[in-house]
Each structure stands twice: as C-alpha cells, then as structure tokens.
Amino acid sequence: MEDGKIPGALHLYVGQEAVAVGVMAHLSNADQITSTHRGHGHVIAKGGEFSPMFAELYGKATGYCKGKGGSMHISNMALGILGANGIVGGGPPIAMGAAFSNKFRKTKQVSVTFFGDGASNEGSFHEAANMAALYQLPCVFVCENNGFGEYTAQTNHQAVTDVADRAAGYGMPGVVVDGMDVMAVYEAAEAAVERARSGQGPTLLECKTYRYYDHVGVRGMGLTYRTDEEVEAWKARDAIESFEALLIKQGVSTKKKIENVYARVNEEILEGVAFAESSPFPTEEDLLQDVYFVGAAS
Amino acid sequence: MSEAIKDQPRVLPYVSAITEAVQQVLKEQDNAFVAGEDVGQAGSVFGYYQGLLAEFGDRRIVDTPISEKGIIGLGVGAAATGCRPILDVMFMDFLGECMDEVANQMAKMRFMFGGGATLPITVLTMAGAGMNLAAQHSQSWEAWLAHLPGVKVVMPSNAYDAKGLIIAAARDDNPVFVVLNKMSLAMPAEVPEHMYEVPIGTSAIVRPGTNFTILAIGRMVHEALAAAKTLEALGVDCEVIDVRSIQPFDSATAVTSIEKTHRALIVHEAVRFGGFGGEIVAQLQEEAFDYLDAPIARVGAPFSPVPYSPALEKVYIPNADNIVAEVKKVLGL
Chain A
26 MEDGKIPGAL HLYVGQEAVA VGVMAHLSNA DQITSTHRGH GHVIAKGGEF
76 SPMFAELYGK ATGYCKGKGG SMHISNMALG ILGANGIVGG GPPIAMGAAF
126 SNKFRKTKQV SVTFFGDGAS NEGSFHEAAN MAALYQLPCV FVCENNGFGE
176 YTAQTNHQAV TDVADRAAGY GMPGVVVDGM DVMAVYEAAE AAVERARSGQ
226 GPTLLECKTY RYYDHVGVRG MGLTYRTDEE VEAWKARDAI ESFEALLIKQ
276 GVSTKKKIEN VYARVNEEIL EGVAFAESSP FPTEEDLLQD VYFVGAAS
Chain B
467 MSEAIKDQPR VLPYVSAITE AVQQVLKEQD NAFVAGEDVG QAGSVFGYYQ
517 GLLAEFGDRR IVDTPISEKG IIGLGVGAAA TGCRPILDVM FMDFLGECMD
567 EVANQMAKMR FMFGGGATLP ITVLTMAGAG MNLAAQHSQS WEAWLAHLPG
617 VKVVMPSNAY DAKGLIIAAA RDDNPVFVVL NKMSLAMPAE VPEHMYEVPI
667 GTSAIVRPGT NFTILAIGRM VHEALAAAKT LEALGVDCEV IDVRSIQPFD
717 SATAVTSIEK THRALIVHEA VRFGGFGGEI VAQLQEEAFD YLDAPIARVG
767 APFSPVPYSP ALEKVYIPNA DNIVAEVKKV LGL
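Protein chains in written order, with our numbering: chain A, 26 to 323; chain B, 467 to 799.
Keep in mind that the hints were calculated from the coordinates and are not lab data.
Where hints are given, some of them may not hold.
[As the list claims (entries may be wrong)] In silico contact screen, one side only, chain B against chain A (beta carbon under 10 Å); selected entries:
no., residue
1, Pro531
2, Ile537
3, Cys549
4, Leu585
5, Asn788
Glycine is no exception: its CB is placed at the ideal position from the N, C-alpha and C atoms.
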C-alpha cells in the first residue's frame, strides 16, 4: 500500500483473526456471510484464495470482483460471501435477507453477519436484529467489538459495555466471548450456528477483540487516539500466538510443524501477490458491464 | 375456456390491476414473495393486496415491522440467494428511511461484485399528492431513483400499464421500482385478464398529434390529455406521450415526435427544479436540436414541500391549466 501498488483504502483485520476463524469453522460454502470494511480475514477464513483476493486489492481484472469492488466490496457468491461492505452497518440487513431466503427455500443454510461495535449504533443493525428474531431466522449476529468505531473509543460512542446486552431488546440470546481466544469463539459460535441451523432463531455473539493497525492503512503505533501501551497489552494476548502455545502444550503440534505452516502460508501469499502484480487491469470496455443484468429474463 | 373468451375486454380500476399482477406473478414464480408494512392482514393501506394473504399464506405475503432498512435489506439478501422478492415501500416518502439499502446496496451490488450477484427485485411504492396527506406522504421522488446506476424506474399512469409494468418488473432480473400514484387507484381502464408485459424502457403515444409534443410522467398524463383537448379548440394539435419508464428513458419516441411537431413540453408532478424533466430536456436538445423551433418547456411543482391545506395543495399540483398556459406561452398565443 505504501509503495502505491494497492490503491485506495485498506482496513487491516490483523489482531481479530480468532473471530473469523472460530466462527467460520462451523460454516460450509453454502452458508452465507456478510463482512465489513475490515473483511480480508473473513474472506480467507470462508475459503477464499489469495490470488483472486490480492488481485482484487490491486484492482485487477482477475480479482474476485473483476477489480470493480476492491477491498471494501470483496465478494464471492460460490463461497457464500455476500460482500464486504463500505457502509458501516450495511451487512446485517442483507444477511437477515439471506437468512429469510434460507428459511423460505427450506434449506439448512445459515447466514452470519459480522459487524463492529460501531455498527451496533446504526439503525440497520437494529432493524435486522428485530426482524431476524421476529421471523426466527437462521442468522447469527457476530459483533467484533474491537473497542473503536473508526477513531472513537467504545466508551465515547455507546453507554453499554457489552453490545450483547442489546440482544435482550430483540428477544434473542446475547453472548459475550473473549475474541482473542479462538477456542472460546469456536465453542460459542458452535452453539449459535447450531441454534440457527436447527430453526431456533438468531443469536448475538459479541467477541471482544482488538485491531493492531490503524482504522485505515498500515500504521499501528504512535497514534494519538490510543496509547502504544494499550496496543502492546492486546498484542501480548495475540490470538495466533496463544493458540500456537496451546497446540504445543497439548502435544497436538510442534514448533517445527507450526514453522512449516508459516512457510507454506507465506509462499501462498507471495504467489497471490505475484499473481496480482502480473494480472492485467480491467479495460475501458469492462466499465459498463455488470451495471445491469443483461440477457434473457428468467 | 378459450383464449378469446378469457380475454374479453374488462374494465378494472388501477388498484385491482395491481392486485391481479401481483397475484399472477406469485402463481407464476414459486420463489416470489411480497414483503412490506401492512401487506398481509391489512392487504395494504391502499387495498391492493386484498385477498392475497388468504390465497398464498404468510410464507409468501409477509407482514414486516415498520422497518424500511429491514425491508429493502431483506429483499437484497433474499434476491442474491435465489428468491424474487416483491417489496412494498408504503409511501415513496419513506425511501428516506432506507436510501442506503437502495442506493449503496441494492443498486450497486451486482457491479461491486463484478457481476457475481443477480438481484431480481420489484419494489412497489406510492407517490403523488392530492389527498391532503401533507409534506411527508405526497412526494414524487422518481428523479432521485433514476439517478442511481443499477436500478430501473417505471411510473404507470393507468391500470393497463400498472399490470403490465409490474409483470415486466417481476420478470426482470434487475431491481425495478414501480412508482404508483395514489390519486389513480380508482381510475378504470381496460385490462386483459391474461399475463402481459408492458416493456420497461418504452413510452407510449396516448394521443397522436401534429404540432406540439407533450411528454407526461405518471398521473400528469391525464392532465396533459385534458390540456390537449383545450388546446385543440385553439387549433393546437398536441401529441401526448406517456413516458412510462424513466430509467431507462425512451428518447427515440420523443425525438420521432419532435421531428414532426418541432415543439415540446415536459410535465411531471415532482418539483420542477432538478426534476426528471431537466434530463429529458438535455437529451432532446442533444438528439433533436435541429428539429426544434422553440425552447423545450417544463411544467412541474413549485420549489416547495407539498403543502397540507387543500387551498394550497390545489395550486401546488401541476394541472391542465398550467400546461395550457405554458404551451400558449411557447406558441406566443
């Protein structure tokens, strides 16, 4: 981004990984999600591949959205990704609609909407939550409470400490979980997804987490709206590092095996970046494609 | 019953044409449903879903909370995942409650996803003044919608077009807004019983004429026809075009008419300033400049919110007299 290869705005997910991973472990490709402006982690955890993802970030024709969406609108219908969203609170009504469709079509699909503490102040969240509970839809509301709505701390943007308290207002369970603990998220999400899939309605699952980088861009430290000490304190509880320690402690994995995973993932990332860099940009002829569906009406 | 007998001309009011269109669409499309405020138990505050809950049940006629963001969001999510929702926004004025879901989600999703999502959504919504419903239940916001790449916008002026445009909208794989008019609900017209489409993007010549073109949108078609009658007595033979579809807009029919008449006026109920008439004027001066013998005139509401008092609303809504006066001004009569 700093070298200008990735244009526009990029909101990094780093620090919040346990949420996407812990929830998505219970979803198949058929299940749907709506993501946020901070959605790269959701794409990867839902089964997205690095090459079309990076190509989309680069604005290339080979990207998930042919370069027309970018970071804030990355989507893939085959993977059930109904879009990242540049509008805070844009996702919940759409996920509620997908859940309505799942029930209407009598499938066993579940939809999950990820949103932040900031979005929990948008009317769209409240309308979607009320309707999901009213119709007992197979929907899970996952609040990634990273403590900030853009640059405003949670204590300055809402009077509640737990967004999950708001669930009571809609007649659905509200659950608070440590969003830096992937196993805790996994277990809480299992119950919420199972509840949705079995027709018992939605759950609001609040995961307390933290973003290591700034609201937008690649800076993390030396910022005025939060202290470096606060960032360091959250990093000391890093979800990936603590999960690695747990795996080693329980004898499930070894330091060596984990290093191999890093090496493999790094290779995949580099392949993805190389793919993106070598891919062509969309052409002027592509501009007016996909504004409307054009073809035989169904 | 043979087709011939089935299609005996019938006269239906606008409101019943809407009901029949929705009913036939629900029978034709298993994945279609209606969602909106008071659509089920109440059968719509305008009465056009009467009987549909009894016929189709609450799985397909879905009463919603008063939550326009939720209604549009429900439709977007459901359409992207295999349904064909018919959404009801009771008064067009309420679009203010859900303009993000309309403008930033519904209109753009297909494009933002690189063509990945298809959104076959029909939105029925009620526009228009004339019932003393005041500033927040009487507006005509069609220009706002037409400015959004990704949606289509139609405005039926009569029962025949209402049925045909709703069916065309429901069969279209794009979001289509069908902007209805509350003063037209009781207005009768011949409406065939069978399913038919009025093609989106086509206007209709509702009165052929030779020396003045009037392009009218929505209910103003009837005011234009009344004006044409008055003007006929003054020796002005008006061709009246019912625009019907404003996005896409059928400029070809208008240009062909102006090639013959050399003069044109646009009338809509919306506020004149920034109204869709301005777009039509711009397109016609680009495409028909050489045929024009006079500047294109516009009739629309004054730049004011819709007033409540009957005394004020009467002078606010454009009418045949305004059209006649404007045409006479253009002709120097």
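- Task: Any hints from earlier that this structure breaks? Give me their numbers in increasing order, please.
- Result: Those not satisfied come down to hint 5.
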